[in-house]
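**Q** Quick mapping for you: the protein sequence lines, in order, are chains A and B. Going by my numbering, the residue at position 53 of the first sequence is 53; the numbering climbs one at a time, nothing skipped. Going by my numbering, the residue at position 136 of the second sequence is 136; the numbering climbs one at a time, nothing skipped.
Just to be clear, a hint being listed does not mean it is correct.
[Unchecked claim] To give a feel for the contact side, a few chain A residues facing chain B, derived at Cβ under 10 Å:
| no. | residue |
| --- | --- |
| 1 | 131 |
| 2 | 150 |
| 3 | 171 |
| 4 | 175 |
[Claimed, not checked] Here are some, though not all, of the chain A residues that point toward chain B, as calculated from beta-carbon distances under 7 Å:
| no. | residue |
| --- | --- |
| 5 | 30 |
| 6 | 36 |
| 7 | 40 |
| 8 | 107 |
| 9 | 111 |
| 10 | 120 |
| 11 | 143 |
| 12 | 176 |
| 13 | 180 |
| 14 | 248 |
| 15 | 259 |
[Said to hold, decoys possible] When the alpha-carbon atoms are kept at most 20 Å apart in a straight line, the in silico PhoX-like pairs for lysine-lysine are as follows:
| no. | chain 1 | residue 1 | chain 2 | residue 2 |
| --- | --- | --- | --- | --- |
| 16 | A | 10 | B | 109 |
| 17 | A | 10 | B | 137 |
| 18 | B | 254 | B | 102 |
Please keep in mind that the hints were generated in silico from the structure rather than gathered at the bench. Built from N, CA and C at the ideal position, the CB exists for glycine as well.
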Amino acid sequence: MPSKAESHKKAPLGLTIAALGTLLFLHVPMWIIFLYTFTPEEQTFTFPLPGFTAKWYGAAIQRDDLWRALTLSLQVAAIATIAALILGTLAAAAVYRSKFFGREAVSFLLVLPIALPGIVTGIALRAAIGGLEIPFSFWTIVIGHATFCVVVVYNNVLARFRRMQGSQIEASMDLGANSFQTFRYVVLPNIATALLAGGMLAFALSFDEVIVTTFTAGQQTTLPIWIFSQLTRPRERPVTNVVATFVILITFLPILFAQRISAQSSDTEGETK
Amino acid sequence: MLNRVSTYFYQRPGLVLALLLGPPMVYMLVVYLGSLFALLVNSFYYLEEFTGLIVREFTLQTYAQIFNPANREIFFRTATMAGVVTLVDALIAFPLAYYIAKFASPKFKTWLLIAVTIPLWSSYLVRVYAWKLILAKEGILSWFINLFQLDGLLQWLLSFESIGGSSLALSPVGMFIVFVYIWLPYMIIPIQTSLERVPGSLLEASSDLGAKPLQTFRNVILPLAFPGVVAGSIFTFSLTLGDFIIPLVLGNSKYFIGQAVYSYQGTGGNIPLAAAMTMWPVAIMIVYLLTARKLGAFDAL
Numbered sequence: 001m002p003s004k005a006e007s008h009k010k011a012p013l014g015l016t017i018a019a020l021g022t023l024l025f026l027h028v029p030m031w032i033i034f035l036y037t038f039t040p041e042e043q044t045f046t047f048p049l050p051g052f053t054a055k056w057y058g059a060a061i062q063r064d065d066l067w068r069a070l071t072l073s074l075q076v077a078a079i080a081t082i083a084a085l086i087l088g089t090l091a092a093a094a095v096y097r098s099k100f101f102g103r104e105a106v107s108f109l110l111v112l113p114i115a116l117p118g119i120v121t122g123i124a125l126r127a128a129i130g131g132l133e134i135p136f137s138f139w140t141i142v143i144g145h146a147t148f149c150v151v152v153v154y155n156n157v158l159a160r161f162r163r164m165q166g167s168q169i170e171a172s173m174d175l176g177a178n179s180f181q182t183f184r185y186v187v188l189p190n191i192a193t194a195l196l197a198g199g200m201l202a203f204a205l206s207f208d209e210v211i212v213t214t215f216t217a218g219q220q221t222t223l224p225i226w227i228f229s230q231l232t233r234p235r236e237r238p239v240t241n242v243v244a245t246f247v248i249l250i251t252f253l254p255i256l257f258a259q260r261i262s263a264q265s266s267d268t269e270g271e272t273k
Numbered sequence: 001m002l003n004r005v006s007t008y009f010y011q012r013p014g015l016v017l018a019l020l021l022g023p024p025m026v027y028m029l030v031v032y033l034g035s036l037f038a039l040l041v042n043s044f045y046y047l048e049e050f051t052g053l054i055v056r057e058f059t060l061q062t063y064a065q066i067f068n069p070a071n072r073e074i075f076f077r078t079a080t081m082a083g084v085v086t087l088v089d090a091l092i093a094f095p096l097a098y099y100i101a102k103f104a105s106p107k108f109k110t111w112l113l114i115a116v117t118i119p120l121w122s123s124y125l126v127r128v129y130a131w132k133l134i135l136a137k138e139g140i141l142s143w144f145i146n147l148f149q150l151d152g153l154l155q156w157l158l159s160f161e162s163i164g165g166s167s168l169a170l171s172p173v174g175m176f177i178v179f180v181y182i183w184l185p186y187m188i189i190p191i192q193t194s195l196e197r198v199p200g201s202l203l204e205a206s207s208d209l210g211a212k213p214l215q216t217f218r219n220v221i222l223p224l225a226f227p228g229v230v231a232g233s234i235f236t237f238s239l240t241l242g243d244f245i246i247p248l249v250l251g252n253s254k255y256f257i258g259q260a261v262y263s264y265q266g267t268g269g270n271i272p273l274a275a276a277m278t279m280w281p282v283a284i285m286i287v288y289l290l291t292a293r294k295l296g297a298f299d300a301l
């Protein structure tokens, strides 16, 4: 029997080049932002850079509006992630352990907020907030974010439940553990990494969300809304570059980490947004 | 005590199910479906032009407005863009998906998949912003175009009224490039998944039976990968249809659906019209999803 390496034939040169080209197309634009954090030019995006400076990093740190936006985004993402972890795990547990009428509908309902274009969710929440005359607040943002974060946790946890052996739970119960002990010592350790991966992806999703937030934030500024306002009405453009680089890094690390967790347990979960 | 509670619940699986399912379902039904319902209701109200107030009476006149020539044009422009973006994404995604599925070693495959997934999850807004830098008149792409002396070609492309503009950063051509870039990972992954399922023996059988590589590609690989392409197209099409950030950042005064919705509800304060307008993408996506299901795309998700 041929070894696995031999069964992989060498790719035609044209295909390799095309594949490499697509990979570069996906990644190079993000590196370019990093390059531009060092430009001394404030008004335009002149290339090649007319000089080199690191002063924008200092300028970014001193911008209060930036810090406020970052704080708000982190708070929103934290609360939305906690809500998503609770609701998503409950739904996954229900769907996993029992067969009931309308089980398919549960998955469908949870996936709907990310299957429909974001603007539909956004304007729907806006219409509801307007109709009920609820004032815009921190909580209107969180409630909006939680709707589309639940599904990420749900998918991750449900996939883990399905690979977990039901006999483990039965064995625990047979050995005299009550439901709470079984949950604490058998179920929780089994789903812990799925919760971590799902939670991180939910956090990244909320931290970065702009379309729905535009409709639920009122006058508040989250970090993505701050970036969006800089895109249309720029002030100190290079500061935006610094912020963009920072955002890439802050989302890059959890994603990489979640990917590693998923890869280790040979999951395919979380690969479609 | 805890044991008694545990036994109590154990004997009542229905109650446990209700307790588990209750919170998430109540949340989704009240907040999400409730909002969608509010959206639907709003689309049957209308804005009194004279007072600028929303009149909460049942009417179809707001729906009549979404069929007026200006809004029809917005709809066709957006649908055309979504269609072309989907097509080009499929063409660009295929070679990489094929390489990952059929030629990469298992270890390399893991890395390639991470490389494709990272842009999918990393900041959408920042990735749009990157292109603002690249496409700017004085930016890096212009510099390269200048280097290869292709200025004439660019000017010629931008001179078309329907797709051109003052610079790449403010034109439908630029928007098209950014849409293709932003949604590309959504196309690569389902195609790769469906190609992964094509057994290698099938390709060998095809070549043993005398098919040339191109024939194998056309008659064996392409039909089997097609559900993956359709699955990817659900994302690229739906996301292009509803996006308003890219048209706002890179577009000109020619509106797209998302942008129209955004401005109707914002500056216009006309939530009924915005609500009715979102029914365009919703209706298209429902038809699209039903067709996709017939083509077997859901198995490739």
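**Q** Please flag the earlier hints that this structure goes against, numbers listed from lowest up.
**A** 3, 4, 7, 8, 9, 12, 17, 18
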